[in-house]
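Protein chains in written order, with this note's numbering: chain X, 1 to 184; chain U, 1 to 279.
Because the hints were derived from the structure by calculation, they are not lab data. Here the structure is a predicted model, which means the values were calculated and not measured. One should not assume that every hint holds.
[Stated by the list, open to error] Cut-off 30 Å, straight-line C-alpha distance, at most; resulting in silico cross-link-like pairs (DSBU-like, lysine-lysine):
1) K65/U - K20/X
2) K58/X - K39/U
3) K175/U - K215/U
4) K65/U - K62/X
5) K39/U - K62/X
6) K204/U - K262/U
7) K39/U - K168/X
8) K163/X - K39/U
9) K65/U - K29/X
10) K175/U - K61/X
[Unchecked claim] Here are the computed distance ranges between Cβ atoms for each label pair:
11) S33/U - V25/X: 23 to 31 Å
12) Y35/U - K61/X: 26 to 34 Å
13) E133/X - K65/U: 34 to 42 Å
14) S33/U - E45/X: 34 to 42 Å
15) G74/U - E45/X: 22 to 30 Å
16) G74/U - R14/X: 17 to 25 Å
17) R14/X - A104/U: 36 to 44 Å
18) I121/U - R94/X: 53 to 61 Å
19) E150/X - E130/U: 50 to 58 Å
20) P103/U - K61/X: 21 to 29 Å
21) G119/U - R90/X: 44 to 52 Å
22) S21/U - R14/X: 31 to 39 Å
23) A104/U - R90/X: 48 to 56 Å
24) A104/U - S68/X: 21 to 29 Å
Note that the Cβ used here is the ideal one computed from N, Cα and C, for glycine as well.
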Amino acid sequence: MSIDIPDIDLLISRIKQGEKEAFEVLYDKYSAALFGVVTKIVRSEEIGQDVMQEAFVKIWKKIHSYDSSKGSLFTWMLNISRNTAIDKWRKIKREQKVEIQTDESVVGIQNQHTSINIDSIGLKELVDKLTPEQKLVVEYIYFNGYTQQEVSDELGIPLGTVKSRVRKAVIELRKVFIKLLLWI
Amino acid sequence: MDLGIYISSGVLENYVLGSVSDQERREVECLSSIYPEIKEELIRLQQTMEGFAMANALEPPPGLKASILEAIDGVEQETGREDENKELKVIHRAPEATGRSIPAYWRTAAAASIILLIGAIFLWQSTIGELNNTRTQLSDLTNSKQNLENRIAELESENEESEYLNTLLADNATKRVAMPGTDNSPESFVSVFWNTESEEVFLKVTDLPVPTEDKQYQLWAIVEGQPQDMGVFELDLASESLQAMPYKVKNADAFAITLEPKGGSESPTLSAMYVLGNA
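With the rest of the complex left out, here is chain U (with noise of 0.2 Å):
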């Protein structure tokens, strides 16, 4: 609590007078046993008071005295033990009187803890909320850098590629051989770029028949009269790349495509030639 503003509501000043409610009273004497400041400040302004009664003091008769000591005379003083069951008895009736038995600062208190109990809760609940949020947003994102890097590394390695082949394309050494399609698929069109000097060789497929299950195209080079193979191809004819093939070859005189079953042949089955060009 902010005892500065308690110290300065007034409410000590009006306990050392004398103009408190019994709840007020309760309350200034509990904690006045509980901060010192309180305590300190309540005892300077009870001091004042013992200060203005002293100051406002007049001598009594002298009768008084005898008369107050004859008084006393024979008057039992109540113990601690009989004030405690009287303040029992208070503390009995109190409830069914008035129902405010607890006082204000317990039942203030007793709030206070509860709302703290609660706000700590939730807190802790909307904290364990927050941080597994956190920790998956952060896996997200740990997937989306990973997506990313990866998506970057497959880019680069295009890039590389397509670098390379126009490279290999504005290269004097490179030759491309148009391959139109035979009689067994007029519409069918390839092209092959060969490196003469480097002796690499790529396709790019314009149009062919997207082959069944269990065949594969197969590429072939015409060298001195015989073909020599040079490895079979997955049709990709969404792809706007050239595909690079296995084998290299030297004074090809012309390129070929058969059809063949998967995995490829020894040799070409000539009447599934697809598509024929001369180098």
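Extracted from the complex, chain X is given alone in its bound form (with noise of 0.2 Å):
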């Protein structure tokens, strides 16, 4: 699999024109990347199910503002996708204080959140260049969505150090994925 379409331009331009073949294209070959990344967020395949449904409406409705020139589609979808499924999870995580906090419910989300990591996934020989401290910060910030200031705050270390370790962890991503992106 390669995440290139060829002829992109062409497809996206078939897509503004309300074209929903060329935008199964888009599905065919975006849906399971996002679909991991979403569930990942989210926590469940179920709330990624809704999450990805309101993604592409979302992506389907806004085509017309995609810039090539801030990024390739890919990105920009993966974008919208994560910001949907983030502002999905902090509606849940809400709706849970809310709820009784001895509810065990809690509790286990709790430990669902942090058992969730890049490990489960199949990518351990991927992500092992990266320290144990560098997966968290990553999965905090891309995963959960926080900022580094919320990092630091929920972890107790300096925001510099946050700085650090997430530009760290992205320099080895890179070695990895831009390797993986030759082959995939």
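Take each chain as given, in its own frame, and dock them per the hints.
So, in structure tokens, the structure goes:
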């Protein structure tokens, strides 16, 4: 599988003209990648499907505001999906907090929260180069939508440390995934 | 700007991870559209996260595609024009709400431009000022150099003169004729240096009364009983050097000085003789 679509510009212009068949091509190409990220964020395949639907409707509606000069279509779709998932997850957490705190589901969710990590999705070899600390900041920021300040507050580590860990983590990811892009 | 510092600041990583503020996001988008180096770095980072997402891929249930296609059925796409209107609304609202509608990079750019402009004006003015100072200094230096050169020329000629006088005085042919004051002016005293070979005559006035404006002293040589005009001279008591007289004389028996009308007389006024000395 390759993440590049030949004639992506043509595909985009067809989608802009309302061609559903063209939109299907996008779905076939990217849904698995998006679903993977989304479910990691909302920690549920069921909620993940709702998020996917919401995200793809947004992608369809906003396709005219996609600006290729700011990045690839995939990155744009990834951002929309991720943001939708993070919003959803925050909403779920808020609702759960409103519920009685002694409810075991809160504990359950929190446990689930900490148990989710990159290793669990078969990326062990790929992310082995990241230190546990680097993995943690990537997870908090990328999958939980935390700001760096929030990570700093949550984990009780200085903001500067968070920043340098994020940077080092992305540099490591880059070594791995730029290579990966060459053969997937 | 220093692109290296910006690229290594970590803001691009945060951008691709989605943990930047709106302001930082606009900044990254603006800068990456200006600087190809930033754009390149950003694309690589975006590809990294694309690869990361691909590696995290999870096949969705088969029914999802159909429900999504159903969900978009009849959903109108927001066209560019609507988007523009939307953006315009946002732009209009923003200043009221936050007063920060002008993005940081524009404010920074504007501030930087003003600072640069002020700097340039200041630099220009100080350069002009310095240039003028330099010009003044140069003309001062040129003047003082000219003065020094004039002074040197003066000194050189004085030196030549005094060397000449030294030679002359040391010469055996030079006679010193002492001329004491007459009854008219007993305190007066003048010396004549007369070289009998070159026939040149010099004066050294030790003391003479200061004449009135309309009078001038005149030196006479007495040759074979007859007064011979040696020329008029200005009284300069302050001068240490000898005064050269315009005329030469041979075989003088005596020298005398009389006070004459300005410009001198053809024959001496004997009643106005001040000094007299035999050669």
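Status of the hints after comparison with the structure:
Pair hint K65/U plus K20/X holds up; C-alpha atoms about 12 Å apart against a cutoff of 30 Å. Distance check on the hinted pair: K58/X and K39/U sit about 26 Å apart at the alpha-carbon level, within 30 Å; holds. The hinted pair formed by K175/U and K215/U meets the criterion: a straight-line CA distance of about 29 Å does not exceed 30 Å. Note on K65/U and K62/X: the hinted pairing holds, with a Cα-Cα distance of about 19 Å set against a maximum of 30 Å.
Of the supplied pair hints, the one linking K39/U and K62/X holds, its CA atoms being roughly 23 Å apart against a limit of 30 Å. Between K204/U and K262/U the CA atoms are separated by roughly 20 Å; this keeps the pair inside 30 Å, and the hint holds. Taken as a hint, the K39/U and K168/X pair is honoured in the structure, with Cα atoms around 20 Å apart against an allowance of 30 Å. At most 30 Å may separate the alpha-carbon atoms for a hinted pair to count; K163/X and K39/U meet this at roughly 21 Å.
Between the alpha carbons of K65/U and K29/X the distance comes to roughly 12 Å, so the proposed pair stays at or under 30 Å and holds. Pair hint K175/U plus K61/X does not hold up; C-alpha atoms about 127 Å apart against a cutoff of 30 Å. Take S33/U and V25/X: their Cβ atoms lie about 28 Å apart, and the range 23 to 31 Å holds. Distance hint check: the CB atoms of Y35/U and K61/X are about 32 Å apart, consistent with the given range 26 to 34 Å.
Here the CB-CB span from E133/X to K65/U is close to 39 Å, well matched to the stated 34 to 42 Å. Between S33/U and E45/X the beta carbon distance is about 38 Å. The supplied range of 34 to 42 Å therefore holds. Checked against the given bound of 22 to 30 Å, the beta carbons of G74/U and E45/X, roughly 27 Å apart, stay inside it. Distance hint check for G74/U and R14/X: the Cβ-Cβ separation is about 18 Å, which falls inside the suggested range of 17 to 25 Å.
Range check, R14/X to A104/U: Cβ separation about 38 Å, and the 36 to 44 Å hint holds. Between I121/U and R94/X, the C-beta spacing of about 56 Å keeps the proposed range 53 to 61 Å intact. A C-beta distance of roughly 55 Å is found between E150/X and E130/U, which places it inside the suggested range of 50 to 58 Å. At about 26 Å, the CB distance of P103/U to K61/X agrees with the hint of 21 to 29 Å.
Against the hinted window of 44 to 52 Å, the Cβ-Cβ separation of G119/U and R90/X comes to about 48 Å, which satisfies the hint. Judged by the Cβ atoms, the range 31 to 39 Å given for S21/U and R14/X holds: they are separated by roughly 35 Å. Take A104/U and R90/X: their Cβ atoms lie about 27 Å apart, and the range 48 to 56 Å is violated. Checked against the hint of 21 to 29 Å, the pair A104/U and S68/X passes, with Cβ atoms roughly 25 Å apart.
Hint compliance for this structure: hints 10, 23 are not met, and every other hint is.
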